[in-house]
Structure formats: C-alpha cells, structure tokens
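S.K.: The primary structure of each chain is shown beneath.
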Amino acid sequence: MIKAKRAPKKRGMKEGGGIAATLMLAPSVIFLAVCSFYPFMWIFRYICYNYNGFRATYTGVRNFTRMLSDTTFWNSVGTTFEYAALKLVFIIPLALLMAVLLNQKLRGSSFFRGVYFMPTVIATSISGMIFTFIFATGNGILNGLLQNLGLIGKPIGWLTDQKVVMYAVTILSVWAGFGNYMLYFVTGMTSIPEDVYESAKIDGANGVQTFFKITLPMLSPVLKVVLMLAITGAFKDYEAIMVLTNGGPGNRSMVMFLYIYKLIFATQAGTQAQIGYGALLSLVAAVIVGAVTIIYQLVSKKLDDVV
Amino acid sequence: MAKNESRVVYSPREKAIRAILWVFLAFMALVTIFPVVYVVLGSFKENGELLVGGSNIFPKKWVIQNYIDAWSQANFAVYTRNSLFLSFGVMILSLINATMAGYVFSRKKFPGKELLYGIFVAFMFINVGSVSLRPLYELAVKVKMNQSLWAVILFSVGGGQATYIFLARGYVNGVPKELDEAAKIDGCSFFQIYTRIIVPMLKPVMATIAILSFRQGWNEYILPMVFTMTNNNLRPLTVGVNMLKNAGDGTAAWNIMFAGATIAIVPILIVFCCFSRYFMSGLTAGAVKG
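First to last, the sequence lines map onto chains A and B.
For reference, each letter of the first sequence is one residue, going 1407 to 1713 in this note's numbering.
For reference, each letter of the second sequence is one residue, going 6 to 295 in this note's numbering.
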C-alpha cells in the first residue's frame, strides 16, 4: 500500500510535464497521421473503384483484370528494372572509384569531393531540365561537342531515339547521384585503420591488390547499405525522367511510378484521371519494390554465409 | 595506399601515378561541373545563339536581357518569392517540429513510445509514390487551403519529418541528463528545459536540419506542381521554369529557361558552398538509420 502510494508521487517528481510533452509531440504525430497514414489508407479505399476525381463508381475486380492485360504497365515495370540495372552498374563502381581516389589524399581532395557532391543539392527537376538542353538533338551542346571532336557524323537523337534514350536517362541519374554514394564510401573508408595499409605495403602489395584484399572486404558493411539505398532509390526515381523525357519516346523510358503519376493526375490533355486504377498500380509497385528489397536482403545474407 | 601525408616520401614512380590520378580527378570534376557552367553561361547568350547550338560554351555576345525578361515578363519575381517562402517555411517548421519531437522521444517515458517511433521509421520506407499526393490535394481543397502555399509547406514538412526527428533524437540522446536534472532543481519546467538547455546544445544538428530542410523546400517539385495546377502565382521556381518548357513553343524561349534555371540553382549552390559541411554530415548521419 505504502509502495503504491509512493510510486506515483516519485514518478511525478521525476517526470512531470506530461501535458507539455504531449503538446510538443502532437505536431509530429498529426503530421504522421495526415501526411503518411491517411494517404496510405486512402489507397485501399479506391482500389476497387473507377474514380476520376469527381465521381467514384464501384467496379469490383475490373481494375485488377485491367492491370493483368495492361501491357503499358508491365512494360513500365520492365523499364524500371532496366533503368535500375543500368543506373547501378555505372553509379556504384564510379562512386567507389572516386571514393578510393579521394582517399589517396591528393592535393585538393576536399575540393573535388565538394564538386562531385554538388549535383545532389540541385533540384532533380532542374537538372532534368538542364539535361534536356544538353541532350537536344539539333542545338544541344553534347551533339555539338561530339561533332566538333569528330566522334559522330550526324547528331544523335538522345531523347528522341528509342535505342539511346535509356542511356541519356542513365547519364542524368548517374551524374545527379554518384556524389551521394561516393560520400558514404569515403566515410566508410575513414574507419579503416591506417596501419592495415602500411603493413600491406611492407608486404609489397600494389594499389590494385590493396583495393581487392583490404579496402573492399573492410568496406563490405558500408557497401551493403549503399547497395540497399541505391536499389530502392533507383526503383523510386521518376521526377527527373518526367522532366527529361516524360516517358517518351513512345513510352520507351516510362518507369512505373511515372506511368502511375500520369494516371492519377491526368497530365495529358483530353485524358481523365484514373485514380482507382492508379491506386491499385501504386500498391503493386510498392509490393514490387518491397519484394526486390527482401530478395536483396536474402542474397546479401547468403553471400555473408559463403564468404 | 592511404598514407600519413606529413611523413611519407614518394618514389618517382609513385609521384607519376599520383599525378595521373590527380589529372583524372580534375577531369571528372570538370565533367561534373560542366552542366552547371553550361547553363549559367548559356543564360547570358542571345536566344538566337542558343537555338543554333554548336559547341561554344562562352557567349559570343554577353547579354543580361534574358534575366530582365524572365524577371518582369515571365513572372520569375513571383516564382522566386514563392520559392523563398516555401523553403523558409519548410525550414522553420521542420526545425521546431523535429527538435520538439526529438526531445520528447529522447527524454520522456510514455507507454507505446517505441511503437510510435517504429511507425515513424516504417513510413520512411513505405513508398507508394505520387498516389499519396491525391488524397492530400483533395484534403487541402476540402479545408480551403489550396489557395495558398501553406498546404505545400505543411505537407512537405510532414513528408520529410522522420529523418529530422531521427537526427534530433540521436543528438538529444548525447546531451548529458545531468543538465536536465540541474535545470529541474533550479525550477525549470519540462518545456523550459527544452528552450533553455536543449535547444542551445542542439545547434550543430539544428544547422544540419535547417540546411537539409531548406534544400528540400527549395527543390520540391511534384508536390507544388500538383497544388498549383491552376494557380500560376503560387508556383515556385522549379515548377515555373518547367512550365515554360511544357508550354508548347518551348524551343522559342530557351534564353528565358536558361535564365530561370540559373535563378533556381544559384542560390542553393551558394548555400552549398558556404555550408557544404552540414550537407555532407546530414547525409552520413541519415545513413546510420539504414
């Protein structure tokens, strides 16, 4: 009895400010409820409806059957995988290479680091726009430079040719993002002790051997996190692509989140918003991203066991 | 290979290798900086020169007419004001919101705390893309908030808050609890401890949050685009300059678009040059969560 009586008093002495704490936490909880939780629940409300922003009619499984036969959507899923693969193949080795070189402590390293990181602070919508100027077929500077150097005979249709547009998209995303991953690697490398390198040098290891025998293995925890971030990031990219190509030419660079955006906000003149269908595709897209993430986790764990 | 600079003596072969590496680094820096230099210098070209193209980077004739036109005719004065309002709004609200929540999460015990925090973190990873903007838009229309940028500011803060709360909570955890206790003995209330003890101690992490949220607001694109579909006078720079591109006769107005793009990137680049430390520390601190 005495204990029970004393406990609340002690707690009151020690803690206090319950109302203040509630009020201070309230904004973030309200933000969470309104900006994160509510939209998520809202999606489920409409997946079985045909909803154009004004009127919603229940259509049962029609959205679902439509999805199964929607080749544009499945092509956009394929394009998303293609884009993610292209981006990762270039951005991770490049980021790693630049980080290793910066780690050599050459003159001006911190300046270079700042320069490589710079594109990440520019709005993706603006960098997308800058690259539409650079990639322009007729008057773009890239074709101008390549022609001047005699590397190409006639202008390349970077954004109008279905065969090359994915490379243009990849160049933009690698330019805009490699500094990000580079910085993770640089930070990871600072935790590798110097004397490991020194003893490797005494043993006569050259630069390449040092990289594969020391840097890479000791960096593998960081590498795993970076790969994870890069994979999920690549699947979610669509803002820059929207500005650069808007999915064209002929849906060649249409990634799934861009296709969904177009369905939901009816950006093309003369089309109606198809929100219910877009909501369903959003869920499917989220599941695809989730599945890729889980598969990656399993694979990287398996690799851990083997090595 | 990484060495303690002051002590190491390089052999001639090593010196040569290091020189080659340096040239490569410099070349990559040039490639990285090229698009920015190209657009900034291009904004001083006459439209005729831009439309012809070629491989000139420097203008044949320097003109500032593009900026005058962009500012007065193409509404860029309004866009710039909106961008400033948006980014400072996001920054200030994010700072207040994240430090308060981080303080409570770090210092206050209450039932369900871990669960609530877990939900915050979980929604960092659940991504359904643009679809979540639709209910928010309809909500803003319902409460008549779609006629000002406040809705954009609030939804931007709400969308980005988890990372900042994470940063703030981590930092408050590092502040010794003895300081709180001492302040409490001196008669400070829970809220006074926050304003007098915690906030002054949080300056470094607040700088990081301020920089990151300012950039977030300045660079926000799809959110304000959706909310300003019908209202040209609310558009920030990112949206306004891209509207020109989609305006159909976009090719004709390259000079205005170059000037607009420059106006949109130069302020954030200046902020980056002054505070690059905070941009980078914010990134690596945020990575710990991964």
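Do not rely on the hints blindly, as some may be mistaken.
[To be verified] Below, a sample of chain B positions facing chain A; criterion: calculated Cβ distance under 8 angstroms:
no., residue
1, Leu-30
2, Val-42
3, Gly-192
4, Phe-196
5, Val-246
6, Met-285
[Claimed, not checked] Label pairs and their in silico Cβ distance ranges:
no., chain 1, residue 1, chain 2, residue 2, range
7, B, Asn-237, A, Val-1570, 34 to 40 angstroms
8, B, Phe-93, A, Asn-1458, 44 to 50 angstroms
9, A, Leu-1709, B, Ile-190, 52 to 58 angstroms
[Stated by the list, open to error] To spell it out: a stretch of chain B is covered by chain A in this simulated footprint if at least three of its residues, at any positions, have a beta carbon under 8 angstroms from a beta carbon of chain A; those stretches are:
no., segment
10, 72-85
11, 217-224
12, 262-272
Quick caveat, the hints were computed from the structure, so don't treat them as lab data.
Idealized CB from N, CA, C, for every residue including glycine.
S.K.: Could you run down the list of hints and mark each one as holding or not?
M.R.: Against the structure, the hints:
1. Leu-30: holds (5 angstroms)
2. Val-42: violated (11 angstroms)
3. Gly-192: violated (12 angstroms)
4. Phe-196: holds (4 angstroms)
5. Val-246: Status holds, d = 7 angstroms.
6. Met-285: holds (6 angstroms)
7. B:Asn-237 / A:Val-1570: 34 to 40 angstroms: Holds: the Cβ-Cβ distance is about 35 angstroms, inside 34 to 40 angstroms.
8. B:Phe-93 / A:Asn-1458: 44 to 50 angstroms: This hint is violated: roughly 37 angstroms between Cβ atoms.
9. A:Leu-1709 / B:Ile-190: 52 to 58 angstroms: Holds, since A:Leu-1709 and B:Ile-190 (Cβ atoms, about 54 angstroms apart) stay within the stated range.
10. 72-85: Contact hint for the segment 72-85 of chain B vs chain A: violated, 0 residues under 8 angstroms.
11. 217-224: Coverage by chain A holds here, the residue count being 3 at a Cβ distance below 8 angstroms.
12. 262-272: holds (count 5)
In this structure, the earlier hints numbered 2, 3, 8, 10 are contradicted, and the remaining ones agree with it.
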